[in-house]
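Spelled out from the first residue to the last, the chains are:
Protein chains: 2
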Amino acid sequence: MEKLHISCDGGDYDILIAPEHPEEALALPGGKLLVCDSNVAKLHRAWAEKLTAPADTFVFPAGEKAKNADTLLAICRRAAQLKLDRGATFVALGGGVTGDLTGFAAAIYLRGVEVMQIPTTLLAMVDSSVGGKTAIDIPEGKNLVGAFHQPCRVVIEPRLLATLPKRELGNGLAEVVKTAVLGDAQLFELLESNARRLFDAPLPEDLYAEIILRCCRVKSAVVAADAHEHGCRAFLNYGHTFGHALELLSGFRLAHGEGVAIGMVLAAKLAVRLGVCEAELAARQLELLRALGLPTLVPAGIDPRACLDAMRGDKKARNGRVVLILPEAIGKVRAVGDVPPEIIADFLREVFA
Amino acid sequence: MEKLHISCDGGDYDILIAPEHPEEALALPGGKLLVCDSNVAKLHRAWAEKLTAPADTFVFPAGEKAKNADTLLAICRRAAQLKLDRGATFVALGGGVTGDLTGFAAAIYLRGVEVMQIPTTLLAMVDSSVGGKTAIDIPEGKNLVGAFHQPCRVVIEPRLLATLPKRELGNGLAEVVKTAVLGDAQLFELLESNARRLFDAPLPEDLYAEIILRCCRVKSAVVAADAHEHGCRAFLNYGHTFGHALELLSGFRLAHGEGVAIGMVLAAKLAVRLGVCEAELAARQLELLRALGLPTLVPAGIDPRACLDAMRGDKKARNGRVVLILPEAIGKVRAVGDVPPEIIADFLREVFA
Numbered sequence: 004m005e006k007l008h009i010s011c012d013g014g015d016y017d018i019l020i021a022p023e024h025p026e027e028a029l030a031l032p033g034g035k036l037l038v039c040d041s042n043v044a045k046l047h048r049a050w051a052e053k054l055t056a057p058a059d060t061f062v063f064p065a066g067e068k069a070k071n072a073d074t075l076l077a078i079c080r081r082a083a084q085l086k087l088d089r090g091a092t093f094v095a096l097g098g099g100v101t102g103d104l105t106g107f108a109a110a111i112y113l114r115g116v117e118v119m120q121i122p123t124t125l126l127a128m129v130d131s132s133v134g135g136k137t138a139i140d141i142p143e144g145k146n147l148v149g150a151f152h153q154p155c156r157v158v159i160e161p162r163l164l165a166t167l168p169k170r171e172l173g174n175g176l177a178e179v180v181k182t183a184v185l186g187d188a189q190l191f192e193l194l195e196s197n198a199r200r201l202f203d204a205p206l207p208e209d210l211y212a213e214i215i216l217r218c219c220r221v222k223s224a225v226v227a228a229d230a231h232e233h234g235c236r237a238f239l240n241y242g243h244t245f246g247h248a249l250e251l252l253s254g255f256r257l258a259h260g261e262g263v264a265i266g267m268v269l270a271a272k273l274a275v276r277l278g279v280c281e282a283e284l285a286a287r288q289l290e291l292l293r294a295l296g297l298p299t300l301v302p303a304g305i306d307p308r309a310c311l312d313a314m315r316g317d318k319k320a321r322n323g324r325v326v327l328i329l330p331e332a333i334g335k336v337r338a339v340g341d342v343p344p345e346i347i348a349d350f351l352r353e354v355f356a
Numbered sequence: 004m005e006k007l008h009i010s011c012d013g014g015d016y017d018i019l020i021a022p023e024h025p026e027e028a029l030a031l032p033g034g035k036l037l038v039c040d041s042n043v044a045k046l047h048r049a050w051a052e053k054l055t056a057p058a059d060t061f062v063f064p065a066g067e068k069a070k071n072a073d074t075l076l077a078i079c080r081r082a083a084q085l086k087l088d089r090g091a092t093f094v095a096l097g098g099g100v101t102g103d104l105t106g107f108a109a110a111i112y113l114r115g116v117e118v119m120q121i122p123t124t125l126l127a128m129v130d131s132s133v134g135g136k137t138a139i140d141i142p143e144g145k146n147l148v149g150a151f152h153q154p155c156r157v158v159i160e161p162r163l164l165a166t167l168p169k170r171e172l173g174n175g176l177a178e179v180v181k182t183a184v185l186g187d188a189q190l191f192e193l194l195e196s197n198a199r200r201l202f203d204a205p206l207p208e209d210l211y212a213e214i215i216l217r218c219c220r221v222k223s224a225v226v227a228a229d230a231h232e233h234g235c236r237a238f239l240n241y242g243h244t245f246g247h248a249l250e251l252l253s254g255f256r257l258a259h260g261e262g263v264a265i266g267m268v269l270a271a272k273l274a275v276r277l278g279v280c281e282a283e284l285a286a287r288q289l290e291l292l293r294a295l296g297l298p299t300l301v302p303a304g305i306d307p308r309a310c311l312d313a314m315r316g317d318k319k320a321r322n323g324r325v326v327l328i329l330p331e332a333i334g335k336v337r338a339v340g341d342v343p344p345e346i347i348a349d350f351l352r353e354v355f356a
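In order, the protein sequences belong to chains A and B.
For any residue, its number in our numbering is found by taking its place in the first sequence, counting from 1, and adding 3.
For any residue, its number in our numbering is found by taking its place in the second sequence, counting from 1, and adding 3.
I should point out that these hints are in silico values taken from the structure, not numbers from a laboratory.
The reader is advised that the hints may include incorrect statements.
Note: identical chains are not told apart, hence a pair may lie in one copy or across any two.
[What the hints assert, rightly or not] Subject to a maximum C-alpha distance of 30 Å in a straight line, what follows is the list of computed DSSO-like cross-link-like pairs (lysine-lysine):
1. Lys68 x Lys145
2. Lys272 x Lys53
3. Lys272 x Lys86
4. Lys45 x Lys86
5. Lys6 x Lys45
6. Lys68 x Lys169
7. Lys68 x Lys86
8. Lys68 x Lys6
9. Lys145 x Lys53
10. Lys272 x Lys68
11. Lys6 x Lys272
Take these sequences, add in the hints, and give me the full structure.
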């Protein structure tokens, strides 16, 4: 078992990776509400309920569509019906949607109760379960409404990945590559040497535990330095400014990790163009993403002008100015806020052709 | 003009009472969204829009009913449609409902933007605009979902009280009496000497400015010491544990201040019974509340058992244990968490008869 202690503005907590005694990790004081979607309920509900017992469980329909105000309110109402008080803990068992919804509900129920995260997807294990960002989607855009709310604990069981569809695993690996490029060159090499094994059955659990630990370390270091996203936390958005726009414009046919994979390819290309990094970096990254079976080309039919508009509508943009996170070397990125929109527009027209 | 600087966990800000140049106070950088209800829109929208210009205005139907998730979401969606970014400020122009809704929307839109409060009711001027508590009602209860979100500034214009219905003014005065009992004996005496003048037309604006300043001082001192309600902030709930329960059980025919007025009468009576204060305190408080035209008797038809249940369901209760705020002297209260439920039940049966 690995244990990572996180200390940041908004809370101190532990991330437990492959705990030997999960039942102890999950023994919580106060009332509990376990939240999961209909898919996870089938796979892991019994396991989780045994660990969190006694707890009531709130199940919602699987899918990003459920990440809305209705589900959020329904979780809070269930908690109120159960008369859970401020000593209660919500337990999020699932992927990013579940973690975001449950974390946000915990942030606002009675103006804040605890939330424990038990991520079941690789994406959630390496990314969304750590850092305290929570949100819902509104018709105007994804994650436009939310809160910063740190978990009281994160329990990660790499074993749970065994039931994850391959596309979901790939999604998570895109986020792992992102983390490697922005802050861990050794992790990048580990991925290069093991790309072929990562989809093997049975899954190499120890390798995943190592990958997850490294990702959580990088992410938590960044978050600890900047919990409220005033500075270096923006580094975590490497590949995301392009990626979010592509996800949106594909009508979400591109999954999050797929958008990020293509977004990283674009960011690295632009970085080479602007002289921020060597061409070799872009090539190595491209090869790794391909080896992991991730898409690297912008899907046909997406308009470069619409892409730029979507990027400028991103909530990290200020006064319509896009902040780009560009790689300098494997393990190091830089925020660049002064690329003229015309340069980005020209670049997009070219790569989208 | 009076200026009060507030420094607390979650933000530093100024409360400006009767500012000479409100247009300067309201000159804000970034995008703005002015939020008010349909009543306030008729009375003060033009004035406020001139001060905050350029700003878009979101108007919702007046009444506590609008303090729900739908209105909250509608505010956030409007902001998103206007493409307001993280540098934006929401301006709450109105009473407690508007302040709570707008403050909560500001807390969660893009995970947090600024909110400025311009209270138009006495209740909001002395209470809800200060302290950063925001919330909405859900079918299971009032204020069960919300956030702590400090305003970036509070601008108080006692002149705006001139358009306030008498019952609303009384509601605010109940909260003023509460503040006096919990922390300002001189304010209590000021009210005793001026009770008759407080409803005169034209309203004594200077007297109100003095009252509001004293209330904000007491409240902000308490909030500064305990922004997240772990300790002495509970003092602000004097009269509210009984009061909220009575509001609820009256089907909200009792207004908030009216519930609090009766709640203070009950709290003082119980305090005398338990030997926490002298009978004279209860008598003085009763006389002042009557002089202010506030109700002091539990309305007929409310069941004492239901009242106790409602009190135990209050979000300040822990494990069903009710924390009561009881007066020791004019200007001093105490939190008492160990009154056995049977004692409270007996007391309620008696006073409700």
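Status of each hint after checking the structure:
| no. | hint | verdict |
| --- | --- | --- |
| 1 | Lys68 x Lys145 | both (10 Å within a copy, 28 Å between copies) |
| 2 | Lys272 x Lys53 | neither (49 Å within a copy, 48 Å between copies) |
| 3 | Lys272 x Lys86 | between (54 Å within a copy, 29 Å between copies) |
| 4 | Lys45 x Lys86 | within (27 Å within a copy, 40 Å between copies) |
| 5 | Lys6 x Lys45 | within (28 Å within a copy, 59 Å between copies) |
| 6 | Lys68 x Lys169 | within (21 Å within a copy, 47 Å between copies) |
| 7 | Lys68 x Lys86 | both (28 Å within a copy, 22 Å between copies) |
| 8 | Lys68 x Lys6 | neither (34 Å within a copy, 47 Å between copies) |
| 9 | Lys145 x Lys53 | neither (34 Å within a copy, 33 Å between copies) |
| 10 | Lys272 x Lys68 | neither (33 Å within a copy, 53 Å between copies) |
| 11 | Lys6 x Lys272 | neither (37 Å within a copy, 54 Å between copies) |
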